[in-house]
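Asks: Top line first, the protein sequences correspond to chains A and B. The working numbering puts the first residue of the first sequence at 306, with every later residue one more than the last. The working numbering puts the first residue of the second sequence at 3, with every later residue one more than the last.
Warning: the hint list may mix true and false statements.
Reference excerpt, derived from the structure (chain A facing chain B, CB under 8 Å, subset only) [what the hints assert, rightly or not]:
#1 Ala331
#2 Leu332
#3 Leu334
#4 Ser509
#5 Ile511
#6 Lys545
#7 His575
Simulated coverage check for chain A against chain B, where a stretch passes if three residues somewhere in it have a Cβ under 8 Å from a Cβ of chain B [claimed, not checked]:
#8 409-420
#9 613-622
Please keep in mind that the hints were generated in silico from the structure rather than gathered at the bench. Note that beta-carbon positions come from the ideal geometry of N, C-alpha and C, so glycine has one too.
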Amino acid sequence: MRNIFKTSYVQDIRLFEHGGHVFWYALLLIGVFAAPLAVSEFFVGEMSLVFIYAVAGIGLMILTGYTGLASLGHAAFLGIGAYAHVYFVKLGIPFPFALVMAGAVSAAFGIAFALPALRMTGIYLAIATLAFAVIMEQVFSHWTSVTGGFRGLPVTKPNIFGWQTTTETHLYYVCLVVLILVTLGTRNILRSATGRAMMAIRDSEISAQSMGIHIARTKVTSFGLSTFITGIAGALLAHKLQFISPEAFDLILSISLLLMIVVGGLGSLHGCFYGAIVVAFLPQFLALVKDVLPPSIGQIPGLQGGVFGLVLVLFILLEPYGIYGRWRKVRLFFEIFPLYRRATFKRQRGYLKTERMR
Amino acid sequence: MTPRANGAKPKGVLLEADKLTIQFGGLRAVDQVSFAVQPGEVYTIVGPNGAGKTTVFNLISRIYDVSDGRIVFQGQDITGVPPHRIARMGIARTFQNIELFEHATVLQNLLVGRHCRNRTNLLTEIFFTPGVMRQELDHRRRVERIIDLLELQHYRDQIIANLPYGVRKMVELARALSTEPTLLLLDEPASGLNIEETDDLANWIDDIKNDLKITVLMIEHDMRLVSRVSDRVLAMNQGRVLAEGGPAEVQRHPDVVRAYLGA
């Protein structure tokens, strides 16, 4: 077990807790940058999908994992980002600017939605976001002059200041760089006042308010940030799919995003990455398993949706803190071996909260 | 302020409640309650359950809107100030049924307490500019002083959900102190504490008053603690003021005795 001797406050504030982290994250970074040299083009494409999902997951994590506001309609913001980005690119705006502008358009929609909707909380807000997603799906299908309607829109590969990307590997690096920037920006917000304000609202609105936090403004900020990042993910997804149509941004995608952060671990950025890996590779895995399974099971329509739902339910029941929570337990087991006990992570009895103001 | 007839210099008033009234439907939870808290004192509100004590706190921290009357803090009418401004004006509070941020560490909870003193914006935070770093370090230094004062060093990095009740109470007190208040509202700080913890609390309230020069407005049932730390006591029952004065004086007051024991 590593004992960290702290000699300055900076140690608690900086991005990496200790040298060990720096080493492992550097190794990971070298690994992902070198990966396209070692693996097939197909696998590289799947990895870019993981990165795009991770960006979207970070977006949803800010809202749901850190501010405690559930959204069942984040696919709509992916869609808005995707269509806006394609529109801007067609106008001839360079890729990086179009990307940020697509995020901004998505955030504008998000904020416009949040201003009235954030009077609701919990399940009511979730239903409102669901309704928003349904409405946006209709907009995508009927606003044909911009979206191409059901016929969809073809998407070219990104052209970054004259560098025309052509292969999956190029897109892989674009997604990777965007993911790294988004992760760093989010980490910075989470370790400063705004991030703490979000977590405060998640845990107790009443005392957050008494600490001087403007509840409505912080929630709108969280919604804006979340939809901005999700919009950027949508723009990348458009390039990945090379073709966008309204069906790409349906309810199943919203649920997959939610599945991602729950399976990965609510309230941790690591969770977005674990979740993205699961959501990106589970369909591939199912496709493989289908051939092995007897046809009566393997050919059931909607098998994928069923398995996704089952995974979600099992995680909520058995490991509410997701894969990241499980990883922390395993790590602690080895760190303090042989002192780990089953009860180590058991929550203490919750203290009675009567007259709790909400 | 009008000079008094007898020429005695009026002591300053930090917080004044003037005929405070709130009505929930047909119920007057607080009815024409007036009192004035002087700077540097420990002022305690006592009374049986349902007397309206916590409601008075919720009126001062602007969680409820007053139906009638005014609250004046440092000469400024705060009756219409939005609730998130109250902390920055210098009023901090704790809650009767602990309202901590359960999934955060003690340190993070105290840092949230610093929110009302924060001067950074989202854009600088995204890039974590040197200015943000300086401010974070400043928050840390101030929070550590409070951790030292309340002897919470041992719990600094622990998640609230894993802490015992007594410690949570102290963390709540620490979080309120982190806002650098002028006036501290403590809602039943000793409820659920054992005798030693209550003794510690009495010492800390003395320290808060004498060393930090923070005025304390407290709701408390434990009369031993009330007698030990309070300068003045206000007794309430059914939304009305029964008596005001020194701790011993109020405890002997016939109306107070009747309210507690029944006539």
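Asks: Of the numbered hints stated earlier in the document, which are not met by this structure?
Replies: 1, 2, 3, 6, 7, 8, 9
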